[in-house]
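Number of protein chains: 2
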Amino acid sequence: MAAAVMEIWPDTKRTIGPAIENGFYFDFEFASPISESDLPRIDQKMRELVKSWKGFEKHELSAGDAKKEYPNNPYKHELIEEFTKNGEKVSFYKSGSYWDLCKGGHVENPREQLKHFKLLSVAGAYWRGDEKNKMLTRIYGTAFATKEELEKYLWQMEEAKKRDNRKLGKDLELYLISQQIGSGLPILMPKGALIKKIIEDDLYSEKRKIGYQFVWSSHIAKSQIYHTSGHWGKYDAMFAPMKLDDEDYVLKPMNCPHHFQYYLNSPRSYKELPFRIAETATVYRNEKSGELGGLLRVRSLTIDDGHTFIRLDQTNEELELVLVIIKKILERYGFREYRARISTSDPDNQQKYLGDRDAWVRAEEALKKQAEKLFDSVSVGVGEAAFYGPKIDVMVKDAVGREWQLSTVQLDYNQPKNFEMKYTDENGEEVYPAIVHVAMIGSIERFMGILIEHYAGAFPLWLAPVQVKIVPVSEKFGDYAKKVKDMFNAASIRTELDMDAKSLGYKIRQATLQKVPYMIIIGEKESASGSDMLISVRSRDGKDLGTLSASEFLKKLQNDIEHYL
Amino acid sequence: MAAAVMEIWPDTKRTIGPAIENGFYFDFEFASPISESDLPRIDQKMRELVKSWKGFEKHELSAGDAKKEYPNNPYKHELIEEFTKNGEKVSFYKSGSYWDLCKGGHVENPREQLKHFKLLSVAGAYWRGDEKNKMLTRIYGTAFATKEELEKYLWQMEEAKKRDNRKLGKDLELYLISQQIGSGLPILMPKGALIKKIIEDDLYSEKRKIGYQFVWSSHIAKSQIYHTSGHWGKYDAMFAPMKLDDEDYVLKPMNCPHHFQYYLNSPRSYKELPFRIAETATVYRNEKSGELGGLLRVRSLTIDDGHTFIRLDQTNEELELVLVIIKKILERYGFREYRARISTSDPDNQQKYLGDRDAWVRAEEALKKQAEKLFDSVSVGVGEAAFYGPKIDVMVKDAVGREWQLSTVQLDYNQPKNFEMKYTDENGEEVYPAIVHVAMIGSIERFMGILIEHYAGAFPLWLAPVQVKIVPVSEKFGDYAKKVKDMFNAASIRTELDMDAKSLGYKIRQATLQKVPYMIIIGEKESASGSDMLISVRSRDGKDLGTLSASEFLKKLQNDIEHYL
Numbered sequence: 337m338a339a340a341v342m343e344i345w346p347d348t349k350r351t352i353g354p355a356i357e358n359g360f361y362f363d364f365e366f367a368s369p370i371s372e373s374d375l376p377r378i379d380q381k382m383r384e385l386v387k388s389w390k391g392f393e394k395h396e397l398s399a400g401d402a403k404k405e406y407p408n409n410p411y412k413h414e415l416i417e418e419f420t421k422n423g424e425k426v427s428f429y430k431s432g433s434y435w436d437l438c439k440g441g442h443v444e445n446p447r448e449q450l451k452h453f454k455l456l457s458v459a460g461a462y463w464r465g466d467e468k469n470k471m472l473t474r475i476y477g478t479a480f481a482t483k484e485e486l487e488k489y490l491w492q493m494e495e496a497k498k499r500d501n502r503k504l505g506k507d508l509e510l511y512l513i514s515q516q517i518g519s520g521l522p523i524l525m526p527k528g529a530l531i532k533k534i535i536e537d538d539l540y541s542e543k544r545k546i547g548y549q550f551v552w553s554s555h556i557a558k559s560q561i562y563h564t565s566g567h568w569g570k571y572d573a574m575f576a577p578m579k580l581d582d583e584d585y586v587l588k589p590m591n592c593p594h595h596f597q598y599y600l601n602s603p604r605s606y607k608e609l610p611f612r613i614a615e616t617a618t619v620y621r622n623e624k625s626g627e628l629g630g631l632l633r634v635r636s637l638t639i640d641d642g643h644t645f646i647r648l649d650q651t652n653e654e655l656e657l658v659l660v661i662i663k664k665i666l667e668r669y670g671f672r673e674y675r676a677r678i679s680t681s682d683p684d685n686q687q688k689y690l691g692d693r694d695a696w697v698r699a700e701e702a703l704k705k706q707a708e709k710l711f712d713s714v715s716v717g718v719g720e721a722a723f724y725g726p727k728i729d730v731m732v733k734d735a736v737g738r739e740w741q742l743s744t745v746q747l748d749y750n751q752p753k754n755f756e757m758k759y760t761d762e763n764g765e766e767v768y769p770a771i772v773h774v775a776m777i778g779s780i781e782r783f784m785g786i787l788i789e790h791y792a793g794a795f796p797l798w799l800a801p802v803q804v805k806i807v808p809v810s811e812k813f814g815d816y817a818k819k820v821k822d823m824f825n826a827a828s829i830r831t832e833l834d835m836d837a838k839s840l841g842y843k844i845r846q847a848t849l850q851k852v853p854y855m856i857i858i859g860e861k862e863s864a865s866g867s868d869m870l871i872s873v874r875s876r877d878g879k880d881l882g883t884l885s886a887s888e889f890l891k892k893l894q895n896d897i898e899h900y901l
Numbered sequence: 337m338a339a340a341v342m343e344i345w346p347d348t349k350r351t352i353g354p355a356i357e358n359g360f361y362f363d364f365e366f367a368s369p370i371s372e373s374d375l376p377r378i379d380q381k382m383r384e385l386v387k388s389w390k391g392f393e394k395h396e397l398s399a400g401d402a403k404k405e406y407p408n409n410p411y412k413h414e415l416i417e418e419f420t421k422n423g424e425k426v427s428f429y430k431s432g433s434y435w436d437l438c439k440g441g442h443v444e445n446p447r448e449q450l451k452h453f454k455l456l457s458v459a460g461a462y463w464r465g466d467e468k469n470k471m472l473t474r475i476y477g478t479a480f481a482t483k484e485e486l487e488k489y490l491w492q493m494e495e496a497k498k499r500d501n502r503k504l505g506k507d508l509e510l511y512l513i514s515q516q517i518g519s520g521l522p523i524l525m526p527k528g529a530l531i532k533k534i535i536e537d538d539l540y541s542e543k544r545k546i547g548y549q550f551v552w553s554s555h556i557a558k559s560q561i562y563h564t565s566g567h568w569g570k571y572d573a574m575f576a577p578m579k580l581d582d583e584d585y586v587l588k589p590m591n592c593p594h595h596f597q598y599y600l601n602s603p604r605s606y607k608e609l610p611f612r613i614a615e616t617a618t619v620y621r622n623e624k625s626g627e628l629g630g631l632l633r634v635r636s637l638t639i640d641d642g643h644t645f646i647r648l649d650q651t652n653e654e655l656e657l658v659l660v661i662i663k664k665i666l667e668r669y670g671f672r673e674y675r676a677r678i679s680t681s682d683p684d685n686q687q688k689y690l691g692d693r694d695a696w697v698r699a700e701e702a703l704k705k706q707a708e709k710l711f712d713s714v715s716v717g718v719g720e721a722a723f724y725g726p727k728i729d730v731m732v733k734d735a736v737g738r739e740w741q742l743s744t745v746q747l748d749y750n751q752p753k754n755f756e757m758k759y760t761d762e763n764g765e766e767v768y769p770a771i772v773h774v775a776m777i778g779s780i781e782r783f784m785g786i787l788i789e790h791y792a793g794a795f796p797l798w799l800a801p802v803q804v805k806i807v808p809v810s811e812k813f814g815d816y817a818k819k820v821k822d823m824f825n826a827a828s829i830r831t832e833l834d835m836d837a838k839s840l841g842y843k844i845r846q847a848t849l850q851k852v853p854y855m856i857i858i859g860e861k862e863s864a865s866g867s868d869m870l871i872s873v874r875s876r877d878g879k880d881l882g883t884l885s886a887s888e889f890l891k892k893l894q895n896d897i898e899h900y901l
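Quick note, the sequences are listed as chains R and U, same order.
337 is the number of the first residue of the first sequence in the working numbering; add one for each residue after it.
337 is the number of the first residue of the second sequence in the working numbering; add one for each residue after it.
There could be a bad hint or two in this list.
[Unchecked claim] Mimicking EDC-like on lysine to aspartate or glutamate, the simulated pairs with C-alpha atoms at most 20 Å apart in a straight line are: (1) 545(U) - 834(R); (2) 579(R) - 627(U); (3) 579(R) - 623(U); (4) 607(R) - 542(U); (5) 821(R) - 542(U); (6) 425(U) - 401(U); (7) 607(R) - 509(U); (8) 818(R) - 608(U); (9) 607(U) - 509(R); (10) 545(R) - 834(U); (11) 607(R) - 815(U); (12) 533(R) - 537(U); (13) 607(R) - 836(U); (14) 579(U) - 582(R); (15) 545(U) - 832(R); (16) 545(R) - 542(U); (17) 579(R) - 583(U).
[Claimed, not checked] Simulated coverage check for chain R against chain U, where a stretch passes if three residues somewhere in it have a Cβ under 8 Å from a Cβ of chain U: (18) 521-534; (19) 550-564; (20) 573-580; (21) 588-597; (22) 619-629.
The hints are simulated quantities; they were obtained by calculation from the structure and are not laboratory data.
The C-beta atom is built at its ideal place from N, Cα and C for all residues, glycine as well.
In isolation and in its complexed conformation, chain R is listed as follows (with noise of 0.2 Å):
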């Protein structure tokens, strides 16, 4: 691409080009502004040029050579002055006719290799990100090794902005950022909410059918508990303190110190363990305000959180319990691919973690055994456990075939020496449990954002906030529609009538912007039915399913629902 740059504006400064996530951009500074509209010229010309492409050449030069390739561009003899500062060399790449401060790293045969690429956008970015510098223009593009993965991507990508969450979350009335209340922090209408207590519902009873016991705790509590949980010192996203009666008290960014003090309420006996404490908590996290993007990022989140105390030998069982739960609930929602990942301990440091060494090659077996008879694609990664204990994450592939890391299941054995929690074992002894964190789906606003654009906003019958839209041709079915939406209501389908005096068709329309799943319509045939009490059936993907008896229907959508579709 700067190439292509170079041959059609040459008085442009080149400075920096890596490679990203699925792409690369580069950054230049033009003697006149160009604009998304100049693309595809650039984009001609990139493919002109690496036809002759063959492969790249390796230069070494001098700091006083290299900056003489660009004179009169400071951001390079900026970059080449800091390369060299200890009198070293700098490499230089050469294609084609093309050649660029470079440290190398590229593909065998550009010619043959880089067909597949697209130019994305044009935004402005500062010189080395930094606000008091100059603002330059960056180009995106992305590439791909076959033609099949870009056009999958680019699918993806104008997929992804047809179901971006921050644009349905507001046409569905799902949510709304409030500039009075401040950034990070949404109001979940009451499409939102209800969405959200269908899925803590669920959760809650998934939890207590295996054995959880939920705790209520406050969302502030004493700075000095999270000094003793240690995550104050490794955790920057913390609010600010404030002070109460002389002492400092803080928004929580964790419940565990706060599950934590139900175990220490009482001596514990091994007759309790597994004990599980759960609770569905708003936390506080201070992300940076560029981050913040519809539910996918926010300050307040809500998890959640378990944690159970085990005694060492019920590692396995427990990791079973709680992993067959997160698949079940992840299927629930219509994710059918998903794999585990593993972070365990680098046995040739073994220095770095805590606890006995038995201990962590037993459970880390454990998690590779749960994850491998649970999961049909497993994944090691040697040295990634934080020092405290292996964990397990589960990484959900979304109907637009993206992947987000969703559930966690954590080990550790550091919290409970933290905070002196033991339990007395089998000999009388005090000895130390060890805790299970488990995050099901983690923070549900964002697994709520997910979902907005994993469903693209068509809810299934289920998790759908209204159920069914009751249209009426005209107001004189409005009693018979009414009596029909009571039937419907009574038996818990949520149910809305519409009694605007617009046409049947605007209706329609708008209960299918609205992703409604079903629509009822009531005419002069549905209404003279009698004790049969006909309605017809319209899915939100213009399905006519008929006409047929309110009672069917009413059943079909109840066995539906039971059965999570």
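Given the coordinates of chain R, assemble chain U onto it according to the supplied hints.
Showing chain U alone in chain R's frame:
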């Protein structure tokens, strides 16, 4: 009391002794310390002295003469100097042979009227409440016009002590307060959290039925919004602000401005009114640490908040709608005695109140009309309304006869103007709605504290965190007991099985102390009953319900729960 003390210990320095709610106290500087074991002696002397007290004689003394009455008493001298600094005289009252500096206000006939009293306790108290001053000895007592009132009050005090939510909260494992987290920030343990959830779910369902839409908002917001709402200036329990992106944020003291953001999210039409927004959300109030007490006063309180935007002509209907539900909910918790207290404007001081006079008159009439329709006892506090609207408070008497203010329904003409919240009326004009603020039970934590004391921890079946405890006579009946447990749990009855190797008597005692409504005892006879599945049942108040079939008892429980018994 002071007369008796001075008779027994003549070298005591008297200070002050006012009447307080339900009694009185007097602060003394004793020459040598006294204790509660001295109270009977003082009591006896009081009864002896009062026989000769026929009335109170008033005398007026100059500062100099007054001081001569208290040689070596710096406290009285300080008071006398204060009261006479503009040359006034001070009043003394005399009865029998006792006299003292006194502003007056006495019974007519002490020897007849001062019979029903009791000295309660001895405590330390700084002179004039200032910790820099000397610590005096305070004696508390209580007095009533009749023996019955005195006895009732003493019984209430005794009962209240037994029912203290701090004691029961600990004994029944409902909540804990950890100094690692902070004062006034209780952690609800599983049983407490479950009660909170039952209360909240019940309110949610009642409010949904009458058209409230639930939103969700975070626990912090920019401080500025509470300036706009006017809370900042008038509300001294705000937490200290914290900096975020160079702006001040603060824990929310109220939900109102958060809910307003949702109203403001779209232009609103008269067709949407009444527009009902609800959220059961935790707010933060920096109560003084000395005033915190168990659940009755906390710093993080969860309010069952509701805000309804109405046209003025919808006031009557909306009030009736919520007051009916409030009554229903209070009766559900066994509150049988309650009354409405209305706060209205002062017609002689109209400039104090916001909005036009007609709207006030109509609103106050609506409040009175609905209150009189729905409550047997209604009192009106003329001039007690806030400047922005009249309100109804519902006062309830608990099982011990203590009165609590629980529900509040407040009319508000002010906030729509502060936040420029309007709607388009039938004529296409933009006008202000009124807001009805509703808290059906107020703070859930405080309500739980009241309920714990109201029920003395013996929650009714539907609210009990553990509804049934199964107690096998010995281990060999464990399988059968487990089968019964699974059957009850599957029917959503919260059932626990006590498999401890303790005696039957011990286990029944434990379940009774935990105030579990029913115990199921499983022995030889029951486990041999085959397909009938017999069980023996007793209630927590020791009643033997005999041997009956498990399914029959299950049906009884389900029926009782459905009827909130």
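Okay, the hints, checked on the actual structure:
1. At most 20 Å may separate the alpha-carbon atoms for a hinted pair to count; residue 545(U) and residue 834(R) meet this at roughly 19 Å.
2. Proximity of residue 579(R) to residue 627(U) is assessed by CA-CA distance (about 18 Å); at most 20 Å being required, the pair is judged to hold.
3. Under the criterion of a C-alpha separation no larger than 20 Å, the hint pairing residue 579(R) with residue 623(U) is consistent with the structure, at around 13 Å.
4. At most 20 Å may separate the alpha-carbon atoms for a hinted pair to count; residue 607(R) and residue 542(U) exceed this at roughly 41 Å.
5. Note on residue 821(R) and residue 542(U): the hinted pairing holds, with a Cα-Cα distance of about 19 Å set against a maximum of 20 Å.
6. Proposed proximity of residue 425(U) and residue 401(U) is supported: the alpha carbons are some 10 Å apart, at most 20 Å.
7. Annotation: proposed proximity of residue 607(R) to residue 509(U) holds, straight-line Cα distance about 18 Å (limit 20 Å).
8. The straight-line distance between the Cα atoms of residue 818(R) and residue 608(U) is roughly 18 Å, inside the 20 Å bound, and the hint therefore holds.
9. Note on residue 607(U) and residue 509(R): the hinted pairing holds, with a Cα-Cα distance of about 18 Å set against a maximum of 20 Å.
10. Restraint check: the Cα-Cα separation between residue 545(R) and residue 834(U) comes to about 19 Å, which is no more than 20 Å; the hinted pair holds.
11. For the suggested pair residue 607(R) and residue 815(U), the alpha carbons sit about 19 Å apart, so the restraint of at most 20 Å is met.
12. With a CA separation close to 11 Å, the supplied pair residue 533(R) and residue 537(U) stays within the 20 Å bound.
13. Proposed proximity of residue 607(R) and residue 836(U) is supported: the alpha carbons are some 10 Å apart, at most 20 Å.
14. A hinted pair counts as satisfied when its Cα atoms are at most 20 Å apart, and residue 579(U) with residue 582(R) qualifies at roughly 18 Å.
15. In summary, the hint linking residue 545(U) to residue 832(R) is supported, as the alpha carbons are separated by about 14 Å, within the 20 Å threshold.
16. Annotation: proposed proximity of residue 545(R) to residue 542(U) is violated, straight-line Cα distance about 27 Å (limit 20 Å).
17. Straight-line distance between C-alpha atoms of residue 579(R) and residue 583(U) comes to about 17 Å, which keeps the hinted pair within the 20 Å bound.
18. With 11 residues carrying a beta carbon less than 8 Å from a beta carbon of chain U, the stretch 521-534 of chain R meets the three-residue requirement, and the given coverage holds.
19. Only when three residues or more bring their CB closer than 8 Å to a CB of chain U does the claim for the stretch 550-564 of chain R stand; here the count is 12, and the claim holds.
20. For the stretch 573-580 of chain R, the stated coverage by chain U is satisfied: 6 residues place a CB nearer than 8 Å to a CB of that chain, which reaches the threshold of 3.
21. Taking a C-beta to C-beta cut-off of 8 Å, the stretch 588-597 of chain R contributes 3 residues in contact with chain U, enough for the three needed, and the coverage statement holds.
22. Counting residues of the stretch 619-629 of chain R whose C-beta sits closer than 8 Å to any C-beta of chain U gives 3, which meets the bar of three, so the coverage hint holds.
Checked against the numbered hints given earlier, the structure breaks hints 4, 16 and satisfies all the rest.
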